[in-house]
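Could you slot chain F onto chain H? The hints should help.
Sequence order for the protein chains is H and F. My numbering numbers the first residue of the first sequence as 1 and each following residue consecutively. My numbering numbers the first residue of the second sequence as 1001 and each following residue consecutively.
Calculated from the structure, these hints are not laboratory results. Just so we're clear, the structure is a prediction, and the values are computed from it rather than from any experiment. No incorrect hints appear here.
Stretch-level coverage of chain H by chain F, calculated; a stretch enters the list once three of its residues show a Cβ under 8 angstroms from a Cβ in chain F:
| id | stretch |
| --- | --- |
| 1 | 93-107 |
| 2 | 203-210 |
| 3 | 221-231 |
| 4 | 315-324 |
| 5 | 395-408 |
| 6 | 426-438 |
Derived Cβ-Cβ restraints for the label pairs, each shown as a range:
| id | chain 1 | residue 1 | chain 2 | residue 2 | range |
| --- | --- | --- | --- | --- | --- |
| 7 | H | Asp446 | F | Asn1046 | 52 to 58 angstroms |
| 8 | H | Gln107 | F | Ser1265 | 52 to 58 angstroms |
| 9 | F | Phe1368 | H | Asp346 | 38 to 44 angstroms |
| 10 | F | Ala1362 | H | Ile198 | 29 to 35 angstroms |
| 11 | F | Asn1046 | H | Ile290 | 46 to 52 angstroms |
Positions of the beta carbon are idealized from the N, C-alpha and C atoms, including for glycine.
This is what each chain is made of:
There are 2 protein chains.
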Amino acid sequence: MKANFNYIQMIDHALSYSKKHHDRFVDELIELLRIPSISTDLSYSNHVAHAADWLVEHLKSLGVNNSKAIQTNGHPIVIGNIEVDPTCPTVLVYGHYDVQPADPLEQWTSPPFEPIIKDGVLFARGACDDKGQFFMHLKALESWMQTTGAPPVNIKFIIEGEEESGSASLPNFISEYRDYLAADVVVISDSSLFAPGIPSITYGLRGMTYIELTLTGPDRDLHSGTYGGAIHNPINALAQLIAQMHDEDHRILIDGFYDRVRPLSADERKSMAALPFESEKWAQEVGVDIPVTESGYSVLEASTSRPTLDCNGIWGGYTDDGAKTVLPSKASAKISMRLVPDQDPDEIAILTRSWLESKVPASMAMEFKVLHGAQPVMINTNSPAMTAATEALNDVYHRPPYFMRIGGSIPVVADFKHLLGLDSVLMGFGLDSDAIHSPNEHFGLDRFAEGIESIIRFHAHYASIEGSK
Amino acid sequence: MKANFNYIQMIDHALSYSKKHHDRFVDELIELLRIPSISTDLSYSNHVAHAADWLVEHLKSLGVNNSKAIQTNGHPIVIGNIEVDPTCPTVLVYGHYDVQPADPLEQWTSPPFEPIIKDGVLFARGACDDKGQFFMHLKALESWMQTTGAPPVNIKFIIEGEEESGSASLPNFISEYRDYLAADVVVISDSSLFAPGIPSITYGLRGMTYIELTLTGPDRDLHSGTYGGAIHNPINALAQLIAQMHDEDHRILIDGFYDRVRPLSADERKSMAALPFESEKWAQEVGVDIPVTESGYSVLEASTSRPTLDCNGIWGGYTDDGAKTVLPSKASAKISMRLVPDQDPDEIAILTRSWLESKVPASMAMEFKVLHGAQPVMINTNSPAMTAATEALNDVYHRPPYFMRIGGSIPVVADFKHLLGLDSVLMGFGLDSDAIHSPNEHFGLDRFAEGIESIIRFHAHYASIEGSK
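Just chain H, same shape as in the assembly (with noise of 0.2 angstroms):
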């Protein structure tokens, strides 16, 4: 009980220490979003590297020393820690300081990398996909150290410069690094909450199998009028494949693609039911008329437990204006598919370019490049970090957190429990209306705050259940 007592008094000093700091918090959070750090874009590695640089020498201005940026394969990863107590449990701290790129720029209101607070909300690309939520941890971490001289838990960071592309360097690096990165939890703000007030915790992730596809049907551009009714022209043999991939029902029609998915639980299904979810209010925030999903099946289960197959680019022939009259020697597709537990990003690239190959026509030349990967995940809902992230969250909400899957994909979870054996606790303060990866990306500056609480005392939740084990 003394223990308890001494963290609450310890809570109120580190909290008051982040409230007073706020708008300083925020102007240097700023700082980092100026720096256009799109890491899918090789122009940009300079800026990918000035961000992580600028990391490193603000962890060490909060007092970890011993931060430091480690080159990679593709872009730098950030690490650092605070060792407190080799007795105090360890807290791995994961985000991503790279960004989306910012295309179609000329689809937001303000530059993306000029940030703008506009009513207390802050508009940059990555301002919460992920600068503006793995900021918080570094914020929580100085209040702690400003006030008590250290937080209740030792902390570790690993903030990578990949997540965007891929995270190719990670695995490798987590493989490399395992002794450094020994913790027992990992804690990472890349999620939303469930509303504006109503805190979440996720527990399931969708993976991801991202393709690209190409047919070439003749060997160079031809006169439509010339050739035009002998040849098999590759975007109309494309639109006929991507048309053949799902049925009228929604359902996706690769051979084998449901084989190894998880059904929903009756429990599942009936507390997902039970979510304050309005249909309708989630269509019009996005601009459609009507959601579509695969018959039988919820909006909300739809877009965080089934898996999905979407074009997420098509490219071919001429596009600029005018009327060019080309019958084309290629297209392409970018094409992704959201996985859910217990399908394999593998074993789907794989039944998909079979699937592929038994539908392509003979007179095209298909091309088939696998440009990522990722695991779907489920985590245990009952640990102690959880039962901490929950007293938390009920702490700042005064309301216990919702459990939920989301549709998105954070593959490095995945890689934390294959490869160090650790569970995360995705504890993030997003909304799904915050724009990340579109125009006018934002991020509320009370959810900002909300989230630098809510990890304070975070800290001291599982300082004491696990010293109190």
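Okay, now just chain F, sitting in the frame of chain H:
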């Protein structure tokens, strides 16, 4: 008989002149080919205007002193005429000095606007389509002017700069200048020989309806993780629409599409089957393994005398390097339909729109634009001008020309018929393998010389036939 004798003497002089000055003719053509007069791209407007001015000056240098470039709402139209004698028949020469865009640039082995000659073949954008071909008419005129002082027929020129972007200004111009353009026949060199050394006269042209289609789902790009599974993807929806446009026999499924199609006559099918055409060689030349046609039609029939539907371009979502997990707001396609008599481009646009409106899913907003249209054409093959052309080609190639239908569109042929009541003689010297509209467009200089000779001989035969009526 006296007249004929004179014509033959005169021909010899004109022909000798054209042979003697061949290399200079080519140098002049190269000068014109250096001007990148791309009409579909407004950023090239200055170059298009430059090409028109160059032509006016060149016509004046040949003795067409009244030549001028007339401004339109689009690009200028170059006119000029030589009136020899009001009792002589009048030939209206049509051509176009604009060219197709040159992309994809990286596939050219030499820059498109830096003409080079390799093994007697001239490589440049526009070498065949149509600068190299209409220029033969100027050099035929020069050959007459510099030897006999005047051609045996009156000659008028109308050379436009918008053929590759739909000839938007031409119909109004023809109406407005109908008196100026009054003639007995139109002669156009913008088509092909049947094969090297095998002349042909085109009597059938396909028309066209060219549309652009955009589907909009969500009002902004969304994250495919957060939303995938409950949002209809506009790329997938567009692929579904395109896929439904053809059945398995490659017939077009738009309701009413074939209603006005004039069936190929038994004679036409017989004469087409007799042409020395090898499907396998044809397929090899365009780099496809197998031709794909509407069931029941040969390659030649399907590519010249049956209507088509081809996607000319498609775009949507993320199309750069890497894997962006976007669920896009929009997807678009450019789609052109080649038409045959008696299909009407406006009616086909309406049928296509209605069909699309009946098929587009409720989850998508559709935008439908008609980019341009052209009437299909069939020409009487027994007119005096056709006979003169037949004789001229027989003189040059020592065999009578094939009468052919071709797959391309020359919308002005329909305009001259409907607005001026004039038939056209389509006497072209290209080859299907000249890569018009593709990288590495070229024109054999042997055909350039044969074309000039054929035109000189046509003038003489036509004057003779019309004079002896």
